[in-house]
Amino acid sequence: MTDQALQNAKAQREQLLAERLKLHERIARLDNEIGDADRFIEDWHRYASPESHAADPESAAGQNKPEPSVDTPKKTTGNSRKEDVASAAREVILERGIPMLRNDLYPLLVERGMTIEGRDPQMVLSTMLWRMRDQLVRVKGGGYWPADIANAEAGYDPNQSREIDNILNKPVEEVLDPESDVYRDASENAG
1 MTDQALQNAK AQREQLLAER LKLHERIARL DNEIGDADRF IEDWHRYASP
51 ESHAADPESA AGQNKPEPSV DTPKKTTGNS RKEDVASAAR EVILERGIPM
101 LRNDLYPLLV ERGMTIEGRD PQMVLSTMLW RMRDQLVRVK GGGYWPADIA
151 NAEAGYDPNQ SREIDNILNK PVEEVLDPES DVYRDASENA G
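Residue numbers for the sequence shown, in UniProt numbering: 1 to 191.
There may be inaccurate statements among the hints.
Said to hold, decoys possible - 25 Å max Cα-Cα, derived BS3-like pairs, lysine-lysine:
hint	residue 1	residue 2
1	Lys140	Lys22
2	Lys10	Lys22
3	Lys82	Lys140
I should point out that these hints are in silico values taken from the structure, not numbers from a laboratory.
Whole structure, please, built from the sequences with the hints as guidance.
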């Protein structure tokens with residue numbers, strides 16, 4: 001009976017690990033897609049900006065100038081560095097002692113001298129913080145929190161996140177029992 005219980009627990013653990021790996025693969029794909037969208041948006045702003053291309057009299061493109069738009073601000077290039085914004089956000093969050101939403105963080109960061117501008121400054125802030133995931137994380141219930149500090153109320157444990165990262169960086173055969181059905185399913189789906 002004890003052996004069966006142990007086997008059941010091991011099998012359940014392997015199934016849960018396999019499911020966790022699938023979820024993290026999905027998250028990685030989503031992160032890549034978000035990055036692609038961010039790059040497209042940056043490229044769009046760069047190419048849509050009138051000063052991004054010097055007028056070349058030999059080029060027809062140099063004669064095709066966009067009409068100025070009243071409600072579309074130019075892309076801001078004078079924003080604070082994302083590393084500086086993340087550091088200031090960390091300070092604010094630790095001073096408050098609670099996870100903070102971007103709507104609450106934004107005015108406090110601007111008060112501290114951070115420049116975060118663009119068509120949607122709060123989205124610019126979100127993008128900056130997303131790119132600094134090793135410094136700040138979004139926790140359950142919303143809000144940003146330092147990546148290296150546990151927060152029991154939000155259910156965040158940095159050690160668990162590191163364990164997940166370690167698992168994701170290992171070959172499947174090091175995480176799952178190669179003799180299990182879960183391993184075979186994960187191996188078949190990986191290719």
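Outcome of the hint check:
1. Lys140 - Lys22: Roughly 20 Å separates the two Cα atoms, so the pair holds.
2. Lys10 - Lys22: At roughly 18 Å apart (the allowed maximum being 25 Å), lysine 22 and lysine 10 satisfy the hint.
3. Lys82 - Lys140: holds (23 Å)
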